[in-house]
Amino acid sequence: MALASSKEAAAPARPPSGTPSRGFWSSTLGKKTVMAVSGLIMLGYLVAHVAGNLKVFFGPEEFDGYAHWLRVMGAPVLHHEWALWIVRIVLLAAVGAHAVSAYQLSRRDVRARPTRYAHRRKGSSYATRTMRWGGIIVGLFIVWHVLDLTTGTVHPGGFEQGKPYQNVIDTFSTWYGNTIYIVAMLAVGLHVRHGFWSAAQTLGAGSARRDRALRLVANGLALALTAGFIAVPVGVMTGVVN
Amino acid sequence: MKLNLRVWRQKNDAAEGAMATYQVDGISPDMSFLEMLDTLNEDLILRGEDPVAFDHDCREGICGACSLVINGDAHGPERTTTCQLHMRSFRDGDTVDVEPWRASAFPVVKDLVVDRSAFDRIIQAGGYVTAPTGAAPEAHATPVPKADAESAFEHAECIGCGACVAACPNGSAMLFTSAKVNHLNVLPQGAPERETRVLDMVARMDAEGFGGCTLTGECATACPKGIPLPSISAMNREWLRARRKAKG
Numbered sequence: 001m002a003l004a005s006s007k008e009a010a011a012p013a014r015p016p017s018g019t020p021s022r023g024f025w026s027s028t029l030g031k032k033t034v035m036a037v038s039g040l041i042m043l044g045y046l047v048a049h050v051a052g053n054l055k056v057f058f059g060p061e062e063f064d065g066y067a068h069w070l071r072v073m074g075a076p077v078l079h080h081e082w083a084l085w086i087v088r089i090v091l092l093a094a095v096g097a098h099a100v101s102a103y104q105l106s107r108r109d110v111r112a113r114p115t116r117y118a119h120r121r122k123g124s125s126y127a128t129r130t131m132r133w134g135g136i137i138v139g140l141f142i143v144w145h146v147l148d149l150t151t152g153t154v155h156p157g158g159f160e161q162g163k164p165y166q167n168v169i170d171t172f173s174t175w176y177g178n179t180i181y182i183v184a185m186l187a188v189g190l191h192v193r194h195g196f197w198s199a200a201q202t203l204g205a206g207s208a209r210r211d212r213a214l215r216l217v218a219n220g221l222a223l224a225l226t227a228g229f230i231a232v233p234v235g236v237m238t239g240v241v242n
Numbered sequence: 001m002k003l004n005l006r007v008w009r010q011k012n013d014a015a016e017g018a019m020a021t022y023q024v025d026g027i028s029p030d031m032s033f034l035e036m037l038d039t040l041n042e043d044l045i046l047r048g049e050d051p052v053a054f055d056h057d058c059r060e061g062i063c064g065a066c067s068l069v070i071n072g073d074a075h076g077p078e079r080t081t082t083c084q085l086h087m088r089s090f091r092d093g094d095t096v097d098v099e100p101w102r103a104s105a106f107p108v109v110k111d112l113v114v115d116r117s118a119f120d121r122i123i124q125a126g127g128y129v130t131a132p133t134g135a136a137p138e139a140h141a142t143p144v145p146k147a148d149a150e151s152a153f154e155h156a157e158c159i160g161c162g163a164c165v166a167a168c169p170n171g172s173a174m175l176f177t178s179a180k181v182n183h184l185n186v187l188p189q190g191a192p193e194r195e196t197r198v199l200d201m202v203a204r205m206d207a208e209g210f211g212g213c214t215l216t217g218e219c220a221t222a223c224p225k226g227i228p229l230p231s232i233s234a235m236n237r238e239w240l241r242a243r244r245k246a247k248g
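Protein sequences, first through last, are from chains A and B. When the letters of the first sequence are read in order and numbered with our numbering, they come out as residues 1 to 242. When the letters of the second sequence are read in order and numbered with our numbering, they come out as residues 1 to 248.
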């Protein structure tokens, strides 16, 4: 109960707060919905991505063949690389929507809690506390990753279009390639751990009865993605992939 | 028992505040935390100093007036209201930090007292049912399924103390608002306003300057009435449903 405190004589009531808006995007719940949906789109992509990556363990023919198939996917209905470009555009939109809503919500959250407690205690889990910085780290990683293995701009050694097997080996033959990649994949795992479960809550799928199952799926996805992605640099480092 | 208290002192909403240290002697382990503060205030009054201002009313754990963040926990270390927290939860010689609820939607009025009228305005936006008043209606006229009645009761337990907002790193009022929305939306009496209620209350909550929910779960951990975290998902479900219905 909010008691009208002993200030009626002193100051006039607090200036009336903002006018309520019924708009979807102006609502925190609307922004969170956008974040949840875009996050799930990216998560779906990651599952497909890790499955494709693991083909590296079946040798250069299969891996390079798979990479080629990605370009002719949907043929003959779709023109060369059209399917790939559709995926890229959807992903770019998802990344943009995710980042913009995260930025706006975070700004709002910081404003809503401007004063810290003098007595601080560690509250929520590590995955929860690192969502914002983890997201930024993953975002920066994606930029490097595209420049490294899609455009080849910052690729170590000679980047060759259509030879992803060799390109992957080149990247993971450098100490920094391995370090950046493994750190980023740990960040992805943590992000997915809290993110998947949160997205389910935001989209209204959470309930007391379903909570354990949702957490289990979130942890399972996080673990499978991280382990699957990290398997590739570890494979190169140990010489399984060469 | 003897205690070192570090208490937030702030003259008024415009003044700068700071933590002040006090020694409180002669505390019985059976005292409530508020009685311990009463002891401190009696001492301060005798010394001619300004007593520490704090909110309290029923002191039975049912009104939601008391607040206080004690050692970083809303309502202190036990899962109850501050008035029901007893000094046996502390040890002789402990240093205890006492701070007001921190959120920009809950401005400090004086010392440990914050203005929680933002919650009242959220209730005004839709936390009611429109029904003719008068004699009590026949109890069997509106049957309520057992599961729905239990869910409504669970959410009706919310006393609006604001511990959820105080505990939330984002100063979010989602647990409070979801308790109020779910309490009425699950009942047949609340059905006619089911959609407008959730849309209006969420819009009001946002307009009051509360933060967004990042599902850290701090709110449900702090709640003295045990409003569960999945209530937030249930409200999201209601909100998304109401938006679909409002469009179509």
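Honestly, the hints are just simulated from the structure, not real lab data. It cannot be assumed that every hint is accurate.
To be verified - Short, incomplete list of chain A residues facing chain B, as computed with Cβ under 7 Å: (1) G18; (2) R22; (3) T28; (4) D109; (5) R113; (6) T115; (7) A118; (8) A127; (9) T130; (10) S173; (11) T174; (12) T179; (13) G204.
None of these values were measured; they are calculated from a predicted model. Glycine included, C-beta positions come from ideal geometry on N, C-alpha and C.
Are there hints from earlier that the structure breaks, and if so, what are their numbers? 8, 9, 10, 11, 12
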